[in-house]
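A.B. asks: Each chain, written out:
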Amino acid sequence: MLGFLAGEAARDLRRAGRVGLSAILLITLSLAALGCFWLLSLNLGRAVEQWRERVRVVAYLREEPRGAGVDDLLARVQALDGVQRVRFVSRAEALSSLKRSLGAQASVVDQLPRNPLPASLEVTPTPEAATPDGTRELVQRLSAMSEVDEVQGGAEWVESLAQWQRLFQLTGLGVGAVLALAAILTVTTATTLVLHARRDEMEIMRLVGATEAVIRLPLLLQGMTQGLLGAALALAALVAAHAVFAPRLEPLLTLTLGLARSVFLSPAQMALLLAGGAMLGAFGGLLAKGRAYS
Amino acid sequence: MIRLHHVGKTFGAGPAKHTALADITFGIDKGEFVVLNGPSGAGKTTLLRLLYRDEVPTEGDVEVAGFDVPALSRRRIPRLRRSIGIVFQDAKLLAGRTVFENIAFVLRVIGTPRKEVTPRAFTALKAVGLSARAQAYPAQLSQGEAQRASLARAIAKSPQLLLADEPTGNLDEEMADEILDVIEDIWQRGTTVLLATHQAALAEQLKRRTLTMRQGRLLKDEG
Numbered sequence: 001m002l003g004f005l006a007g008e009a010a011r012d013l014r015r016a017g018r019v020g021l022s023a024i025l026l027i028t029l030s031l032a033a034l035g036c037f038w039l040l041s042l043n044l045g046r047a048v049e050q051w052r053e054r055v056r057v058v059a060y061l062r063e064e065p066r067g068a069g070v071d072d073l074l075a076r077v078q079a080l081d082g083v084q085r086v087r088f089v090s091r092a093e094a095l096s097s098l099k100r101s102l103g104a105q106a107s108v109v110d111q112l113p114r115n116p117l118p119a120s121l122e123v124t125p126t127p128e129a130a131t132p133d134g135t136r137e138l139v140q141r142l143s144a145m146s147e148v149d150e151v152q153g154g155a156e157w158v159e160s161l162a163q164w165q166r167l168f169q170l171t172g173l174g175v176g177a178v179l180a181l182a183a184i185l186t187v188t189t190a191t192t193l194v195l196h197a198r199r200d201e202m203e204i205m206r207l208v209g210a211t212e213a214v215i216r217l218p219l220l221l222q223g224m225t226q227g228l229l230g231a232a233l234a235l236a237a238l239v240a241a242h243a244v245f246a247p248r249l250e251p252l253l254t255l256t257l258g259l260a261r262s263v264f265l266s267p268a269q270m271a272l273l274l275a276g277g278a279m280l281g282a283f284g285g286l287l288a289k290g291r292a293y294s
Numbered sequence: 001m002i003r004l005h006h007v008g009k010t011f012g013a014g015p016a017k018h019t020a021l022a023d024i025t026f027g028i029d030k031g032e033f034v035v036l037n038g039p040s041g042a043g044k045t046t047l048l049r050l051l052y053r054d055e056v057p058t059e060g061d062v063e064v065a066g067f068d069v070p071a072l073s074r075r076r077i078p079r080l081r082r083s084i085g086i087v088f089q090d091a092k093l094l095a096g097r098t099v100f101e102n103i104a105f106v107l108r109v110i111g112t113p114r115k116e117v118t119p120r121a122f123t124a125l126k127a128v129g130l131s132a133r134a135q136a137y138p139a140q141l142s143q144g145e146a147q148r149a150s151l152a153r154a155i156a157k158s159p160q161l162l163l164a165d166e167p168t169g170n171l172d173e174e175m176a177d178e179i180l181d182v183i184e185d186i187w188q189r190g191t192t193v194l195l196a197t198h199q200a201a202l203a204e205q206l207k208r209r210t211l212t213m214r215q216g217r218l219l220k221d222e223g
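If you're matching them up, the sequences are chains A and B in order.
The letter at position 163 of the first sequence is residue 163 when you use the working numbering, and the numbering goes up by one with no holes.
The letter at position 200 of the second sequence is residue 200 when you use the working numbering, and the numbering goes up by one with no holes.
Hints were generated in silico from the structure; no laboratory data involved.
These numbers were taken from a predicted model, which means no experiment stands behind them.
Hints should not be assumed to be uniformly reliable.
Partial selection, computed: residues in chain A whose CB lies under 10 Å from chain B [unchecked claim]:
1) Arg11
2) Ala33
3) Cys36
4) Leu40
5) Leu42
6) Arg66
7) Ala68
8) Glu201
9) Glu212
10) Val214
16 Å max Cα-Cα, derived EDC-like pairs, lysine to aspartate or glutamate [said to hold, decoys possible]:
11) Lys207/B to Glu184/B
12) Lys126/B to Asp181/B
13) Lys92/B to Asp71/A
14) Lys207/B to Glu59/B
15) Lys17/B to Asp54/B
16) Lys92/B to Glu203/A
Just so you know, even glycine gets a beta-carbon here, dropped at the ideal spot from N, CA and C.
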């Protein structure tokens, strides 16, 4: 029976002609737009996660502690809320680090009469605390310690990156929703046209004792097929666009966001996109008028 | 097979009220061949429509093949209709399908297993003498052939009851006789037949029990 109904749905799809094709193209457009913003948001999300992991708060010390004083200080800082890791950087280590970063100009450091750099604590916040509020609280706690002279660091810029990510998500959903609505209406129109073409068939089906499910299922399958085809085309377009543009954009991503490479949708996300297309189409098919026993 | 008890049917209300059927009571037993005769507007088609639940009576009881027809829920209407074969004055064949496909389509939509569809369709076509025209489209058929195809479609699902509404109305005398012969054959194989016609001569020619209607009332039940 299902094979027969699927055959009838394919027949209906051919009957829908250009309107049916338009519905497929609109679904392709809406899901491709949605997929585009999804990809952008996905990659920005990865950058945000990566940068959250790299958020550091540096507490400069008034004096360099010695011996057991270092361990004691490390233990007290590690015990603070929102601290994942803490590392002691001695004055000597800070100076050699400066030399490394100066490269060829490192000899300038040797001209200094004494090491001007203070010892410091490099604090890595927990993922939950790697937010503007979290780091602000951490800075306050560290500043309150008598050994600490000055504290630097925060997560404001990571948060603004996260805000961009949310903006992409919202824009994607908005554009996708508008196009999806247009797609649903087009599927509904295509299905209604088919309903008109099928008036005689439906009358015969009704008279011979076909159930309402049998009468309406081809319409539902027709809508789902349109949706699925549209989603598959959108996915193919996204795969092609990613294959073409990702290698060209990756150097820019590395430079600006620190991402080594861009990622594409996972198999589960691709399946979700296809299912979304099928649902869009099915909804359009269901909206078409024509109750069998009205 | 059919029981009608004080059945009435009106359409509209107030000054526009029209009584299509009034106080109709009769019964048809299983295996009977009954002719429903009367001029146009007598209420024959309305009565047939009550039998396959295309209309609901305003009053009275209608029982067909064990179903209390007016009380049937929408979900159960298909069950009633599967036990009835219906033939109309216009054959109502689907233009885009061949004769065979028209019959197969009906069998598929009522859930006949795929392997049974072809043998049952060809058995029905053979019964109406139309096997040779199985692959023809409705536009390629004569009116008589189209009506025979319609009969084949009606009997393919092995109904207990055949309702024929003016099946010879569009046909010349020779073709009408062919169709009546086919309907007689179907009846002789055990199907109960109720044939509606406005042609009094045809009713006499058939020499069967005849219900005569005028202006929505049953006037005579003879034979």
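A.B. asks: Compare the structure with each hint and give your call.
C.D. replies: Status of each hint after checking the structure:
1. Arg11: At 9 Å from the nearest chain B Cβ, Arg11/A passes the 10 Å test, so the hint holds.
2. Ala33: violated (38 Å)
3. Cys36: Status violated, d = 41 Å.
4. Leu40: Hint violated; Leu40/A Cβ to chain B Cβ min 47 Å, cut 10 Å.
5. Leu42: Nearest chain B Cβ about 46 Å off; hint violated.
6. Arg66: violated (88 Å)
7. Ala68: Violated: closest Cβ of chain B sits about 84 Å from Ala68/A, beyond 10 Å.
8. Glu201: Cβ of Glu201/A sits 6 Å from chain B, so the hint holds.
9. Glu212: Cβ of Glu212/A sits 7 Å from chain B, so the hint holds.
10. Val214: Hint holds; Val214/A Cβ to chain B Cβ min 5 Å, cut 10 Å.
11. Lys207/B to Glu184/B: Holds - the C-alpha atoms of Glu184/B and Lys207/B are around 12 Å apart, at most 16 Å.
12. Lys126/B to Asp181/B: Judged against 16 Å, a Cα distance of about 14 Å means the pair holds.
13. Lys92/B to Asp71/A: Not OK: Lys92/B and Asp71/A at ~95 Å, beyond 16 Å, violated.
14. Lys207/B to Glu59/B: violated (32 Å)
15. Lys17/B to Asp54/B: Distance of about 19 Å is beyond 16 Å: violated.
16. Lys92/B to Glu203/A: Cα-Cα ~9 Å, so holds.
The structure fails to meet hints 2, 3, 4, 5, 6, 7, 13, 14 and 15 from the earlier list, while all remaining hints are met.
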